[in-house]
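Colleague: The lines below spell out each chain.
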Amino acid sequence: MPLFTRLCAGWLVAIVFGAIFADLIPGLQDPNYQGFLFGTSTTNEPPSLAHLLGTDNNSRDILSRIVYGARVSLVVSMTAVIMGTVFGGFLGALTGFVRGKTDAMIMASLDVILAFPGLVLLLTVVTLLGRRDLLVIATVVGFLSIPPYTRVARATALAVSRREFVMAARAIGTRKRTILFREILPNCLPTLMAFALVSAAVIILLEGALAFLGLSVQPPTASWGNMVNAARADLRINVWPAVWPSLALVFTVYSLNNVGDHIRRSKAVRSAAL
Amino acid sequence: MGPFIAKRLVRLVGTLLAVSFLTFLLVNLLPGDAINALIPIDAQQDREFVEQVREEWGLNDPMLVRYGRWLGDAVQGDFGDSIVTSRTVSSEIFHRLPVTAELMLVTVGLSVMLAIPLGVMAAYREGTRLDQVISGIAQVFLSIPGFVAGLLFIYVFAMKLGWLPATGWNRLSNGLLDNLRTVILPALSLALIEIAVYTRVVRSDVINTLQEDFVLSARAKGLSDRYILFRHCLRPSSLTLITVVGLNIGTLLGGTVVVEFLFAMPGLGKRLLDAIFQRDFMMVQGITVFIATIYVLVNTAVDMIYMLVDPRIRKAD
Numbered sequence: 000m001p002l003f004t005r006l007c008a009g010w011l012v013a014i015v016f017g018a019i020f021a022d023l024i025p026g027l028q029d030p031n032y033q034g035f036l037f038g039t040s041t042t043n044e045p046p047s048l049a050h051l052l053g054t055d056n057n058s059r060d061i062l063s064r065i066v067y068g069a070r071v072s073l074v075v076s077m078t079a080v081i082m083g084t085v086f087g088g089f090l091g092a093l094t095g096f097v098r099g100k101t102d103a104m105i106m107a108s109l110d111v112i113l114a115f116p117g118l119v120l121l122l123t124v125v126t127l128l129g130r131r132d133l134l135v136i137a138t139v140v141g142f143l144s145i146p147p148y149t150r151v152a153r154a155t156a157l158a159v160s161r162r163e164f165v166m167a168a169r170a171i172g173t174r175k176r177t178i179l180f181r182e183i184l185p186n187c188l189p190t191l192m193a194f195a196l197v198s199a200a201v202i203i204l205l206e207g208a209l210a211f212l213g214l215s216v217q218p219p220t221a222s223w224g225n226m227v228n229a230a231r232a233d234l235r236i237n238v239w240p241a242v243w244p245s246l247a248l249v250f251t252v253y254s255l256n257n258v259g260d261h262i263r264r265s266k267a268v269r270s271a272a273l
Numbered sequence: 000m001g002p003f004i005a006k007r008l009v010r011l012v013g014t015l016l017a018v019s020f021l022t023f024l025l026v027n028l029l030p031g032d033a034i035n036a037l038i039p040i041d042a043q044q045d046r047e048f049v050e051q052v053r054e055e056w057g058l059n060d061p062m063l064v065r066y067g068r069w070l071g072d073a074v075q076g077d078f079g080d081s082i083v084t085s086r087t088v089s090s091e092i093f094h095r096l097p098v099t100a101e102l103m104l105v106t107v108g109l110s111v112m113l114a115i116p117l118g119v120m121a122a123y124r125e126g127t128r129l130d131q132v133i134s135g136i137a138q139v140f141l142s143i144p145g146f147v148a149g150l151l152f153i154y155v156f157a158m159k160l161g162w163l164p165a166t167g168w169n170r171l172s173n174g175l176l177d178n179l180r181t182v183i184l185p186a187l188s189l190a191l192i193e194i195a196v197y198t199r200v201v202r203s204d205v206i207n208t209l210q211e212d213f214v215l216s217a218r219a220k221g222l223s224d225r226y227i228l229f230r231h232c233l234r235p236s237s238l239t240l241i242t243v244v245g246l247n248i249g250t251l252l253g254g255t256v257v258v259e260f261l262f263a264m265p266g267l268g269k270r271l272l273d274a275i276f277q278r279d280f281m282m283v284q285g286i287t288v289f290i291a292t293i294y295v296l297v298n299t300a301v302d303m304i305y306m307l308v309d310p311r312i313r314k315a316d
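As they're listed, the protein sequences go chains A and B.
Read in order, the letters of the first sequence are residues 0 to 273 in numbering that gives the first Met the number 0.
Read in order, the letters of the second sequence are residues 0 to 316 in numbering that gives the first Met the number 0.
To be clear, the hints were calculated from the coordinates, so they are not data collected in a lab.
Only a predicted model underlies this, so the values are computations on that prediction, with no experimental measurement involved.
Check the hints yourself; a few may be wrong.
Just the calculated beta-carbon pair ranges, DEER-fashion [as the list claims (entries may be wrong)]: (1) Leu8(B) with Asp233(A): 49 to 59 Å; (2) Ala263(B) with Ile236(A): 16 to 26 Å; (3) Met158(B) with Leu128(A): 49 to 59 Å; (4) Ile236(A) with Val83(B): 30 to 40 Å; (5) Arg218(B) with Gly172(A): 13 to 23 Å.
Ideal placement from N, C-alpha and C gives every residue a C-beta, glycine not left out.
Model the full structure from these sequences, guided by the hints.
Modeller: Spelled out as structure tokens, the structure:
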């Protein structure tokens, strides 16, 4: 892996590590501790030894909020990726392999969901549900990301179904169910994995936009998007509370795209050799 | 050709019906919410009054009947009245549409104008430092969402330099220059990601086209590189670009909601957000169906253009 891609992968590992083990990191402050109430810090402090990235406009430590905010992005994107790959991948492989009426029906219903611009549908559904906790947001995003995975899996399954080994399996009388699990699904996985990484980047951007609009997890829970939104109020006084979460967002998305591209390129060579 | 277009149109109508029904279902699944929007909580003590309002707004009828009634009105252009303001939904959409439309047009225009030369140059000099720089910048732009870019531009151009206004909107009717001053920052914020996507698409397409035989024969004829690039390569490569632009309209529509929110622009996206926060379900319904319809129409148009222009695909269908 080239050095730069290694750096990006390292950033991703650091983010995941930080998100999971946030409570165990020594020296990490409470993200909701408002220092100005107790006289220990003031609002909008510049970076210092006490607060490595400064404080936001409620005198909460920015660094710890970024680490805890990574949890939101991580949970939402992981849920979307897992739900997409498991449900979407399975559904797509099934419909691509079986084809016929089932295929037409499933794809027609998916086309309706895909006919909506992403954020607009997300907005409507999230508002409808009213509750704004992490689990609800993650599940909704997960459901709405199933159709793209289904499409990708279906395209791959269509191609794989025409291969000789599938025909051979059917010729010797293997049950369709067995062929699906043994031949089709494993061959869909590489494409799905590559798609998953890029899709994770899109999901993180989407959740960021949702949080920015105030429709994701509510403050005081930290999310990169709602940190940027909160920083808008005091932008003239202090720009840092807006800069750090934006940088975190940009670095994470960039790293996901970079690593995803690299994996896609190295896998592509291997499948051509098949 | 004839039966193909007819089939496509039938699918289009079917999709539009399904889309509008799904939106209607989503927005109306919580009847309690509708009542809360119509009558304040304290006034809901009077059961008879609540029942009367429910009858008046037809909230007691089965979902299909309500949908049928709404659809019948909608195809005539009547999306109902807003619950919060007493104006009609269609008049609000009509007023706000030019703003959003202009934002999207300027964004796409800017992105395409920048992406084509960048992509062509990167493809022409594939593998060199120039290509790496362009592709690298494209990848960075790909990771900068609309609100981050917008905030950055506001900080630099509005607060620090004071060249451009941070919020507000001057209608075209008031003067072109004033209008441009308010549209350039929002459009640029959205355009960053689009430039990245389009540059990549143009680059890979031109790289493929440059390997075709007709390019070799053009070179053999002695035509200059620039002539070949812009006269012979651009047309076949632009097909994918058109498709990607059409497909990306969906992401762009979502992006306009965020940018309109950030720059306080009186567009459709901002109106939708306001309606969502105010629980104005008629407005949410109307705007969402409108946006979804536009998206479906654009996608169908792109499909049709693609099929019409490339004869190979026409034969295969």
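Colleague: May I ask which of the numbered hints given earlier this structure violates, with the numbers listed in increasing order?
Modeller: 3 and 5
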